[in-house]
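Single-letter residue listing:
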Amino acid sequence: MSYLSDLENRTIYIVREATSRFKNVGFLWSMGKDSTALLWILRKAFFGAVPFPVIHIDTGFKFPEIYRFRDEYSKKWGLDLVISKNAQALQKGIHPKFGKFECCNLLKTEALKQTIRERGLQALLLAIRRDEHGIRAKERVFSPRSEDFTWNYQDQPPELWDFYKTRLEGEQHIRVHPMLHWTELDVWKYTLAEKIPIVELYLAKKGKRYRSIGCALCCSPVDSRADTIAKIIRELEKTKVAERSGRAQDKEDTYTMQRLRSLGYM
Amino acid sequence: MDKKAIPIVICGQVDHGKSTLIGRILVETRSLSNGKLLEIKKASADLGKDMELAFLLDQLEEERRQERTIDTTQVFFKTKKRKYCLIDTPGHVELIKNTMTGATQADIALLIVDVGQGVTEQTRRLIALFELLGIEKVLVAVNKMDLAVFDRSRFESVASEVELFFSKSKLKAPLIIPVSAKSGENVLRRSQVLRWHKGPTLLGALDSLECPTQGKDKPLRFPVQDIYRVKKEVLVLGRVASGRLKRGQDVIVLPSGKKTSVAEIRVYAKQKDLAVAGENIGVVLKNSSDIKRGDVLCQVEKAPVPFKRFQGRVFWLCDEPLSRGARMILRCATQELSCEIESIGDRMDPSALEILEKEAASLKLNEMAKIILKTERAFVVEPFGSVEELGRFVLESDGQVCAAGVVITGLE
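Residue numbers (the numbering used here), protein chains in the order written: chain S, 1 to 266; chain G, 1001 to 1412.
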């Protein structure tokens, strides 16, 4: 079995385990390369039709290219798209300029909490990877969240072989991470091999491209001439620049990601 | 051609230098992004320390403040020969569930021993754990050689102690390598100060280990994960645990014993003629009535006999002891059933690698034993050495994992 096929197979096993064990499953799609690759695998795992809602946490500050991509492919792939917004916070005028921690927490984490409650979701699929952030590297594949949505990272349950935590015992929901074992390079190689569409922001224009995409105000492009996926792969094979170096929130404080994630952030 | 990253777990007594060794490997193999070392320097300075390589993996604030790894984590690096996924684990005995979480994902184990302290309780416990989990490829790094002034006799005395305890287990004698994680001697680079060491460097030794391949040549076992209905057609979903599944092949469904044959093998929109171990597929059977999650499709001529009793070896992970007669939930591949503990034998303290009792009434936290389990109904169980996926299990109570186990044999 090729190495990409091995990665894909491990992911398929995990997502089928989630739908087999939980009634109400949801999937978070940010339209970024990782969750788009996962969406691609979900379509394969479930023979063309994703059998649960595909949720976009919409802060209202995303790049226009992201919204266009979402609308085009959710239609094309027949997705049950759910747009999740913290309307109250947006009305109050929450904006990254008043503090990025607060902004991320209200517009992403709180919006997500509202959707999980409204839909009664028991398991939520997310495309986070171990190699993108040291705090994410500490995650389990099936990671329980408590009643108040917190992640008890100091006392996680054992996860032996592929016996996952598939029973809720007083926990609120389970975060399922089917892409934890992939690297950034793996995702690009898979995207190329499978011809998966991507948001054009990833490709270089005028010497700049985005390596990680999210809210327009909190992402900055990196210097790059990679205007095709094959060139991105060649660039990443050499680079020493961290993937999320263009992300604002990570820089503010060494432990910001930890604080955000312990409160329920992705 | 790209290959899979080989998972390697790094284990050892707390403070023997695991996280530092990982930091060293990442530095020497140039696996770190720009800014990462700067971030570590800054985080170390904020806590009033010199640069702590351990902070590369100890990312939680509590881990850095308390100077200990709390949970397992994974990081990638590559040598000239191949890619690895390095799994760090905590060294404290009370965090053994996290060590176990890391170790069950690994093909190779790297055991680290401080030359100044030699073999400790945790070292012995880890040897027992590798043996239990069937991790046969073990490398031992004797660390902190810098503090022992790179002295050959001190290395040799620790190495013979390590060999002694390995000889008490079923594991083969490991390759033992002197290193200094702090200064990098003999990790990737050969070292002048360790000229007397004629063996390979640590990463050289790692590259020389052959890795287990998936069991394509074993008899077919296909544990059913789910049943999926697509356009009125019944698809039996699962991952081939061992062997090969061919279109047209006759199979026996266990434990029921019904025979049927494979009409089609589906992967997304495609049909396949053959699926091998590790592949997740959908199977259309000639007759799929009554089939459910937990059933196992097997090759007719080499089908296992389902058992209602079996003997296994377990490592107990719960504060509450396991008592003879206790009822638990057993999970083995996709099978899940209720079971009763019939007997507990050869109760062992793995930190001493010694048997405490031949027959025991209970098993305490971090102890190992041979147990006999009676299940509510017959199910497919095989010795760990023959088909791994059907030879390993966990015991749960109230949804919490209490034990990791491997099957010794089925019993009449």
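If you're looking for bench data, these hints aren't it; they were derived computationally from the structure. In this text the structure is predicted, and so the values were computed from the model without any measurement. A hint or two may mislead.
As the list claims (entries may be wrong) - Taking lysine to aspartate or glutamate pairs in the DMTMM-like style, the calculated list, with each CA pair at most 20 Å apart, reads:
{"no.": "1", "chain 1": "S", "residue 1": "Lys208", "chain 2": "S", "residue 2": "Glu194"}
{"no.": "2", "chain 1": "G", "residue 1": "Lys1080", "chain 2": "S", "residue 2": "Asp34"}
{"no.": "3", "chain 1": "S", "residue 1": "Lys44", "chain 2": "G", "residue 2": "Glu1039"}
{"no.": "4", "chain 1": "G", "residue 1": "Lys1078", "chain 2": "S", "residue 2": "Glu235"}
{"no.": "5", "chain 1": "G", "residue 1": "Lys1083", "chain 2": "S", "residue 2": "Glu65"}
{"no.": "6", "chain 1": "G", "residue 1": "Lys1003", "chain 2": "S", "residue 2": "Glu65"}
{"no.": "7", "chain 1": "G", "residue 1": "Lys1216", "chain 2": "S", "residue 2": "Asp131"}
{"no.": "8", "chain 1": "S", "residue 1": "Lys195", "chain 2": "G", "residue 2": "Asp1002"}
{"no.": "9", "chain 1": "G", "residue 1": "Lys1168", "chain 2": "G", "residue 2": "Asp1002"}
{"no.": "10", "chain 1": "S", "residue 1": "Lys240", "chain 2": "G", "residue 2": "Glu1039"}
{"no.": "11", "chain 1": "G", "residue 1": "Lys1078", "chain 2": "S", "residue 2": "Asp131"}
{"no.": "12", "chain 1": "G", "residue 1": "Lys1004", "chain 2": "S", "residue 2": "Asp34"}
{"no.": "13", "chain 1": "S", "residue 1": "Lys238", "chain 2": "G", "residue 2": "Glu1028"}
Said to hold, decoys possible - Looking from chain S toward chain G, a few residues come up when the C-beta cut is under 8 Å (computed):
{"no.": "14", "residue": "Tyr3"}
{"no.": "15", "residue": "Glu159"}
{"no.": "16", "residue": "Thr183"}
{"no.": "17", "residue": "Ala216"}
{"no.": "18", "residue": "Cys219"}
{"no.": "19", "residue": "Pro221"}
{"no.": "20", "residue": "Leu236"}
{"no.": "21", "residue": "Lys240"}
Said to hold, decoys possible - Here chain G is said to cover these stretches of chain S; the calculated rule only asks that three of the stretch's residues, wherever they fall, bring their Cβ under 8 Å from a Cβ of chain G:
{"no.": "22", "stretch": "17 to 25"}
{"no.": "23", "stretch": "54 to 60"}
{"no.": "24", "stretch": "74 to 86"}
Note that the Cβ used here is the ideal one computed from N, Cα and C, for glycine as well.
Results for each hint:
Note on Lys208/S and Glu194/S: the hinted pairing is violated, with a Cα-Cα distance of about 25 Å set against a maximum of 20 Å. Note on Lys1080/G and Asp34/S: the hinted pairing is violated, with a Cα-Cα distance of about 28 Å set against a maximum of 20 Å. A threshold of 20 Å between alpha carbons decides the hint, and for Lys44/S with Glu1039/G the separation of about 40 Å lies outside it, so the pair is violated. Among the hinted pairs, Lys1078/G with Glu235/S is consistent with the structure: their alpha-carbon atoms are about 17 Å apart, no more than 20 Å.
The straight-line distance between the Cα atoms of Lys1083/G and Glu65/S is roughly 35 Å, outside the 20 Å bound, and the hint therefore fails. For a cut-off of 20 Å, the pair hint linking Lys1003/G to Glu65/S is broken: about 34 Å separates their Cα positions. Between the alpha carbons of Lys1216/G and Asp131/S the distance comes to roughly 30 Å, so the proposed pair goes past 20 Å and is violated. Between Lys195/S and Asp1002/G, the direct Cα distance comes to roughly 18 Å. Compliance with the 20 Å bound is thereby established for this hinted pair.
Distance hint between Lys1168/G and Asp1002/G is unfulfilled; the C-alpha atoms sit about 39 Å from each other, more than 20 Å. Between Lys240/S and Glu1039/G the CA atoms are separated by roughly 14 Å; this keeps the pair inside 20 Å, and the hint holds. A distance of roughly 14 Å separates the Cα atoms of Lys1078/G and Asp131/S; the hinted pair therefore holds under the 20 Å criterion. The hinted pair formed by Lys1004/G and Asp34/S meets the criterion: a straight-line CA distance of about 19 Å does not exceed 20 Å.
For the suggested pair Lys238/S and Glu1028/G, the alpha carbons sit about 16 Å apart, so the restraint of at most 20 Å is met. Satisfaction of the interface hint for Tyr3/S is found here, the shortest Cβ-Cβ separation to chain G being roughly 5 Å, below the 8 Å cut-off. Because the smallest distance between the Cβ of Glu159/S and any Cβ of chain G comes to about 5 Å, under 8 Å, the interface hint for this residue holds. The beta carbon of Thr183/S is positioned within 8 Å of a beta carbon in chain G (closest approach about 6 Å), and the interface hint is therefore held.
Hint status for Ala216/S: violated, given a least beta-carbon distance of 23 Å to chain G, over 8 Å. Against a cut-off of 8 Å between C-beta atoms, the interface hint on Cys219/S is violated, since the closest Cβ of chain G lies about 17 Å away. The closest approach between the C-beta of Pro221/S and any C-beta of chain G is roughly 17 Å, which is over the 8 Å cut-off, so the hint fails. The interface hint given for Leu236/S is broken, as the beta carbon of that residue sits about 11 Å from the closest beta carbon of chain G, more than 8 Å.
A distance limit of 8 Å between C-beta atoms decides the matter here; for Lys240/S the minimum to chain G is near 4 Å, and the interface restraint holds. For the stretch 17 to 25 of chain S, the stated coverage by chain G is satisfied: 3 residues place a CB nearer than 8 Å to a CB of that chain, which reaches the threshold of 3. Under a criterion of three residues with beta carbons nearer than 8 Å to beta carbons of chain G, the stated coverage of the stretch 54 to 60 of chain S fails, only 0 such residues being counted. Only residues whose beta carbon comes within less than 8 Å of a beta carbon in chain G count, and the stretch 74 to 86 of chain S has 0; fewer than three means the coverage is violated.
Checked against the numbered hints given earlier, the structure breaks hints 1, 2, 3, 5, 6, 7, 9, 17, 18, 19, 20, 23 and 24 and satisfies all the rest.
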